[in-house]
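Please arrange chain B on chain A, whose structure you already have, making use of the hints.
2 protein chains.
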Amino acid sequence: MKPDSNLPSARDKLLFTPGPLTTSLSVKQAMLHDAGSWHFEFNALVASVRKRLLKLAGLSHEAGWEVVPLQGSGTFGVEAVFQSCVPHNGKVVVLANGAYGERIAQMLKHARIDHTVLRTAEDTPSDAAALEACLVADKAVTHVASVHCETTTGILNPIEKLGAVTKRHGRVFVVDAMSSFGGMPIDFEQCGIDFLISSSNKCVEGVPGFSFVFARRALLLASEGWARSLSLDLLGQLKGFEKNGQFRYTPPTHVILAFDQALRELEEEGGIPARSERYKQNHQALMTGMIRLGFRSYLPSPVQSHIITSFLYPDAKFDFTDFYHRVADKGFVLYPGKISQCDTFRIGNIGRLTESEMKQVVYAIGEAVAEMGIKMESASAAKAQ
Amino acid sequence: MKPDSNLPSARDKLLFTPGPLTTSLSVKQAMLHDAGSWHFEFNALVASVRKRLLKLAGLSHEAGWEVVPLQGSGTFGVEAVFQSCVPHNGKVVVLANGAYGERIAQMLKHARIDHTVLRTAEDTPSDAAALEACLVADKAVTHVASVHCETTTGILNPIEKLGAVTKRHGRVFVVDAMSSFGGMPIDFEQCGIDFLISSSNKCVEGVPGFSFVFARRALLLASEGWARSLSLDLLGQLKGFEKNGQFRYTPPTHVILAFDQALRELEEEGGIPARSERYKQNHQALMTGMIRLGFRSYLPSPVQSHIITSFLYPDAKFDFTDFYHRVADKGFVLYPGKISQCDTFRIGNIGRLTESEMKQVVYAIGEAVAEMGIKMESASAAKAQ
Chain A
1 MKPDSNLPSA
11 RDKLLFTPGP
21 LTTSLSVKQA
31 MLHDAGSWHF
41 EFNALVASVR
51 KRLLKLAGLS
61 HEAGWEVVPL
71 QGSGTFGVEA
81 VFQSCVPHNG
91 KVVVLANGAY
101 GERIAQMLKH
111 ARIDHTVLRT
121 AEDTPSDAAA
131 LEACLVADKA
141 VTHVASVHCE
151 TTTGILNPIE
161 KLGAVTKRHG
171 RVFVVDAMSS
181 FGGMPIDFEQ
191 CGIDFLISSS
201 NKCVEGVPGF
211 SFVFARRALL
221 LASEGWARSL
231 SLDLLGQLKG
241 FEKNGQFRYT
251 PPTHVILAFD
261 QALRELEEEG
271 GIPARSERYK
281 QNHQALMTGM
291 IRLGFRSYLP
301 SPVQSHIITS
311 FLYPDAKFDF
321 TDFYHRVADK
331 GFVLYPGKIS
341 QCDTFRIGNI
351 GRLTESEMKQ
361 VVYAIGEAVA
371 EMGIKMESAS
381 AAKAQ
Chain B
1001 MKPDSNLPSA
1011 RDKLLFTPGP
1021 LTTSLSVKQA
1031 MLHDAGSWHF
1041 EFNALVASVR
1051 KRLLKLAGLS
1061 HEAGWEVVPL
1071 QGSGTFGVEA
1081 VFQSCVPHNG
1091 KVVVLANGAY
1101 GERIAQMLKH
1111 ARIDHTVLRT
1121 AEDTPSDAAA
1131 LEACLVADKA
1141 VTHVASVHCE
1151 TTTGILNPIE
1161 KLGAVTKRHG
1171 RVFVVDAMSS
1181 FGGMPIDFEQ
1191 CGIDFLISSS
1201 NKCVEGVPGF
1211 SFVFARRALL
1221 LASEGWARSL
1231 SLDLLGQLKG
1241 FEKNGQFRYT
1251 PPTHVILAFD
1261 QALRELEEEG
1271 GIPARSERYK
1281 QNHQALMTGM
1291 IRLGFRSYLP
1301 SPVQSHIITS
1311 FLYPDAKFDF
1321 TDFYHRVADK
1331 GFVLYPGKIS
1341 QCDTFRIGNI
1351 GRLTESEMKQ
1361 VVYAIGEAVA
1371 EMGIKMESAS
1381 AAKAQ
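Residue numbers (our numbering), protein chains in the order written: chain A, 1 to 385; chain B, 1001 to 1385.
Chain A on its own, in the form it takes in the complex (with noise of 0.2 Å):
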């Protein structure tokens, strides 16, 4: 008799995405408990939350910084900020070179807010000195908005340049580190920064549902008065917690357990530092693996993050949608690429994934790739590209 092939793996299918990502069983363990939102032993799980992302950060309430937790995705802490920092007659100016960085621009439209979006090519990053130009002749401006790793393509936008130009003339800085933030050491100092906004689904290898904001909290309590919406306040929700303890409004309880989980799993493999490293060599077995098979990555290599990364489509008639399922059937989960100007997918390599199994996804892709009987450059054709 012949195998059934429709059987379902035993396991899982890996997510090589940028969040959600997969994450550890125990991490998903935490959420078999149900907490009472207003309970005193949840409020102090809380408590130790934010306390140990300060930490993470390397920030402390002593030099001035507060994390707000705020329900929703990452787009709904990114838009807080400006919902509720940016005074009525603010102005921002925003770095892109990809979708986040043109989601600001749409956040600051909705809100009638005033701006003016700086663009670079999606492979080319962010421009100091076109901030610096920008800064000097427009007085108007309160505030600089950038994507660090822009994940459109995987690039990384140079913050420290951009927050020494924006400090330089004494505006505030907002930096969207959704897909860097845990997984790359970021130094708020030397960067200049004053929001940081990510997500509980990015490197902290936690599941999806809030996002957090590291506030200087001068900002926070100069901005009385200013929020254009209750659910997206974030001084609200900082008085919130510093009143009783509690969100405002009702926390995803279970995603906080998790994320509890997931702080503690990331201090026990060593930090950020641990991380990033596991993160880049999970970035070079696919690299490795993938030049190998022939692919080429759409960003030149000094721009290249370690988050996720974009590859060209081998020929022009590749089917994707073809491609993607053949992948999925074997048990792993890839990414369509976002980029407007050519035909890419990506690979994240963030989550609860090791070398091994990047080597697993590329050997995966290698026979996709012969069963779609697509002709590959050579390894070294690639290589020399």
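Treat the hints with care, since some could be wrong.
What the hints assert, rightly or not - Pairs of lysine to any residue residues, derived as SDA-like cross-links and limited to a Cα-Cα distance of at most 20 Å, are as follows:
1) K109(A) <-> G90(A)
2) K109(A) <-> W1226(B)
3) K338(A) <-> K1239(B)
Hints in this document: simulated from the structure, not taken from any laboratory.
Just chain B now, kept in the frame of chain A:
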């Protein structure tokens, strides 16, 4: 040797709260998997959840209805309706008799939307005649907002009467049914409802992490360009689902897996009629037991919902914190009061709770008051009240 009284119980405490509430183990176990938010299997599950939610509400696409899930707590869903579906020259009448009605007024204030609040006392249902007078007098009013079960007290507002008045005067009717949807039948057409909001962690018995908005499609489509927030843009969210079956921004994947299971269990229980019946029995068992102990409920019985009940402190010196901790130590989490006019605490009877567990919490409360040496009014005196 004395037994160790600090030995933790093998079981989680039961939550007698308005949510997050006690959910079944199978609902929580559904979260033991990581799902890709772009993956076709997850998209199919989201489509199924949306379809079954509409059916549960007795609505259909054919009759012009949509359901739009939105990341964040229930408050985010309520605010999204106002932030995105009230025009810039719109005006809202808010019917308020508790904290959740007042919260809608706060939202409108943040969003700089013109509004009037029609208040009744916390023990008095909203007044349809007063609403009618207001709508006749103020032609600028475009929307009417009501909280169905005001969780502050547990009072039920007469949405059928309020909706009839609203429709007679051609206004849009928005119902916050956070703690009632799923726990009692609601006839949308009979009540003239245009928008109704609830959340994942209430009577459907899922875990917290998103809200969902039932809306008339025509009203969503008419709101093009009105949204004051990107994250809270309901029409944008609907368009996202219609474009590729996905949430626009990262959904709480695990919470949605749990909700899918919660919907299945609600269907298996016999739908809303059966669940409503269980909650009524829970409420009845609670009232019988609490009255026997000598407690009195805050609300007169005709306006009391079977969702949550406010009980008066038994005497002026009642130490709620001590009481709360004693009952918690026995394995039951109660809820503090929120009424401005007098001292109360609350007991919810929604979630995966049965009559037997309502009797258990009453027994534990009886033990706690005995330990505290509180002299209760006799049951017969309380009954006569």
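The hints, checked one at a time:
1. For the given pair, K109(A) sits about 13 Å from G90(A) by alpha-carbon distance, which is consistent with the 20 Å threshold.
2. Our distance criterion of 20 Å between C-alpha atoms is met by K109(A) and W1226(B), whose separation comes to about 11 Å.
3. At roughly 18 Å between alpha-carbon atoms, K338(A) and K1239(B) fall within 20 Å of each other, so this suggested pair holds.
The structure agrees with every numbered hint stated previously.
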